[in-house]
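Residue numbers (the numbering used here), protein chains in the order written: chain A, 1 to 219; chain B, 1 to 219.
Derived from the structure by calculation, the hints contain no laboratory data.
Remember, predicted model here, so these are calculated numbers, not experimental data.
Check the hints yourself; a few may be wrong.
Said to hold, decoys possible - Straight-line C-alpha distance at most 27 Å; calculated BS3-like pairs for lysine-lysine:
{"no.": "1", "chain 1": "B", "residue 1": "K177", "chain 2": "A", "residue 2": "K177"}
{"no.": "2", "chain 1": "A", "residue 1": "K170", "chain 2": "B", "residue 2": "K177"}
{"no.": "3", "chain 1": "B", "residue 1": "K170", "chain 2": "A", "residue 2": "K170"}
Protein chains: 2
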Amino acid sequence: VLLSTLAVKSQRGDVVRISELSRITKVPIPSIKYYLREGLLPPGETTAPNQAAYDERHVHRLRLIRVLVEVGHLGIATVREVLRAVDDPTTSLHDLLGIAHRELGPHTRDGAPLRDEVAEVDRFVEGLGWRVGRAAPGRLALAHALAALRQLGWGASTDGFFPYARAADKLAAREVKSVSRGSRAEIVERMVVGTVVFDAVLIALRRLAQEHHSAMRSG
Amino acid sequence: VLLSTLAVKSQRGDVVRISELSRITKVPIPSIKYYLREGLLPPGETTAPNQAAYDERHVHRLRLIRVLVEVGHLGIATVREVLRAVDDPTTSLHDLLGIAHRELGPHTRDGAPLRDEVAEVDRFVEGLGWRVGRAAPGRLALAHALAALRQLGWGASTDGFFPYARAADKLAAREVKSVSRGSRAEIVERMVVGTVVFDAVLIALRRLAQEHHSAMRSG
Numbered sequence: 001v002l003l004s005t006l007a008v009k010s011q012r013g014d015v016v017r018i019s020e021l022s023r024i025t026k027v028p029i030p031s032i033k034y035y036l037r038e039g040l041l042p043p044g045e046t047t048a049p050n051q052a053a054y055d056e057r058h059v060h061r062l063r064l065i066r067v068l069v070e071v072g073h074l075g076i077a078t079v080r081e082v083l084r085a086v087d088d089p090t091t092s093l094h095d096l097l098g099i100a101h102r103e104l105g106p107h108t109r110d111g112a113p114l115r116d117e118v119a120e121v122d123r124f125v126e127g128l129g130w131r132v133g134r135a136a137p138g139r140l141a142l143a144h145a146l147a148a149l150r151q152l153g154w155g156a157s158t159d160g161f162f163p164y165a166r167a168a169d170k171l172a173a174r175e176v177k178s179v180s181r182g183s184r185a186e187i188v189e190r191m192v193v194g195t196v197v198f199d200a201v202l203i204a205l206r207r208l209a210q211e212h213h214s215a216m217r218s219g
Numbered sequence: 001v002l003l004s005t006l007a008v009k010s011q012r013g014d015v016v017r018i019s020e021l022s023r024i025t026k027v028p029i030p031s032i033k034y035y036l037r038e039g040l041l042p043p044g045e046t047t048a049p050n051q052a053a054y055d056e057r058h059v060h061r062l063r064l065i066r067v068l069v070e071v072g073h074l075g076i077a078t079v080r081e082v083l084r085a086v087d088d089p090t091t092s093l094h095d096l097l098g099i100a101h102r103e104l105g106p107h108t109r110d111g112a113p114l115r116d117e118v119a120e121v122d123r124f125v126e127g128l129g130w131r132v133g134r135a136a137p138g139r140l141a142l143a144h145a146l147a148a149l150r151q152l153g154w155g156a157s158t159d160g161f162f163p164y165a166r167a168a169d170k171l172a173a174r175e176v177k178s179v180s181r182g183s184r185a186e187i188v189e190r191m192v193v194g195t196v197v198f199d200a201v202l203i204a205l206r207r208l209a210q211e212h213h214s215a216m217r218s219g
């Protein structure tokens with residue numbers, strides 16, 4: 001819906017040349033041209049034989065591309081796939097989250113040798129009452145963690161995951177609520193940034209909290 | 001303390017050859033020889049001109065080396081540094097945690113251009129009442145996250161970190177408590193595994209919980 005009107009001049013009339021688009025978005029002109037050639041960014045309106053005009057929808061799209069590339073570390077082909085899903089109004093927001101999760105990783109190896117662990121994780125997730133697709137990459141990541149713990153000789157079971165599940169549940173309830181405002185492009189931008197940047201925030205805070213509690217114990 | 005007695009024959013008398021050591025620990029003989037050459041694994045007791053005997057302390061040490069290499073993805077020089085700290089009784093458990101954190105990453109780039117963000121994070125951590133060293137890598141990671149959010153045009157402040165800090169605080173209290181049993185080598189092993197494997201567990205569960213809450217909203 002958004003994309004189909006992108007070639008049309010912005011109704012607000014804020015139409016700019018590529019140099020200005022670059023200045024506003026801080027994306028270098030060669031990168032903008034690359035995204036245009038790759039079909040990630042729709043062409044501007046041709047205003048003269050060698051000149052095109054861009055509007056604020058190009059600004060938004062460029063922002064989203066940069067988030068996917070710079071924050072999500074996605075390759076161009078994957079960016080194209082995500083943008084296609086964003087532009088396809090039949091793709092629900094829930095499906096968009098699934099696509100973002102699948103593409104953003106963390107990517108785990110094949111789970112075929114982990115049949116027991118995958119089955120245990122499935123029972124664990126079911127026990128939590130969570131509605132999660134069979135193919136959600138998080139399931140496989142948990143199975144790999146379980147297998148790693150066992151290989152190290154730890155008598156690990158999914159019981160050890162409960163405190164983490166409770167923490168994740170609380171955070172996710174907030175996150176999903178806060179992400180659902182605005183246009184589809186904005187929502188996907190928030191999903192990607194929220195997923196990647198707040199992974200780092202959570203991991204960093206866990207380290208700091210461990211140091212704090214360790215300091216408390218050591219006196 | 002542990003190390004100084006390693007060359008002595010195990011009191012339990014469970015002395016084995018290198019082939020048996022490899023079988024027990026599932027570490028290939030060439031890797032064991034490599035760790036011996038690099039000084040990570042102390043030599044066994046020479047029982048014949050071309051034969052050495054290893055005891056259960058070699059088994060424990062090999063386990064720890066494998067955890068550092070395979071789970072922590074540390075290089076040999078870093079493994080050596082961690083082992084030296086483990087073997088030095090003047091290094092407190094709290095300092096061991098600091099060393100593990102520093103080496104395990106996530107490694108962030110220089111924070112010099114982020115003076116404002118670092119100062120904000122310092123105020124935030126102080127506001128939480130956490131006892132955390134000035135050089136804790138988590139501080140810099142948070143400053144980078146804050147800078148990334150701002151560069152994306154989000155009006156981000158450290159306030160957005162609070163729910164994550166609360167979750168991290170609860171988890172860390174459990175983690176630090178559960179890690180503090182056993183020998184120093186066992187504690188470090190649990191620290192490294194706990195840090196690396198449960199990072200992955202937490203991230204995976206956050207994704208699954210997001211999918212669940214998204215499914216609940218989309219009906």
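Taking the hints in turn, this is what the structure says about them:
no., hint, verdict
1, K177(B) <-> K177(A), "33 Å, violated"
2, K170(A) <-> K177(B), "23 Å, holds"
3, K170(B) <-> K170(A), "12 Å, holds"
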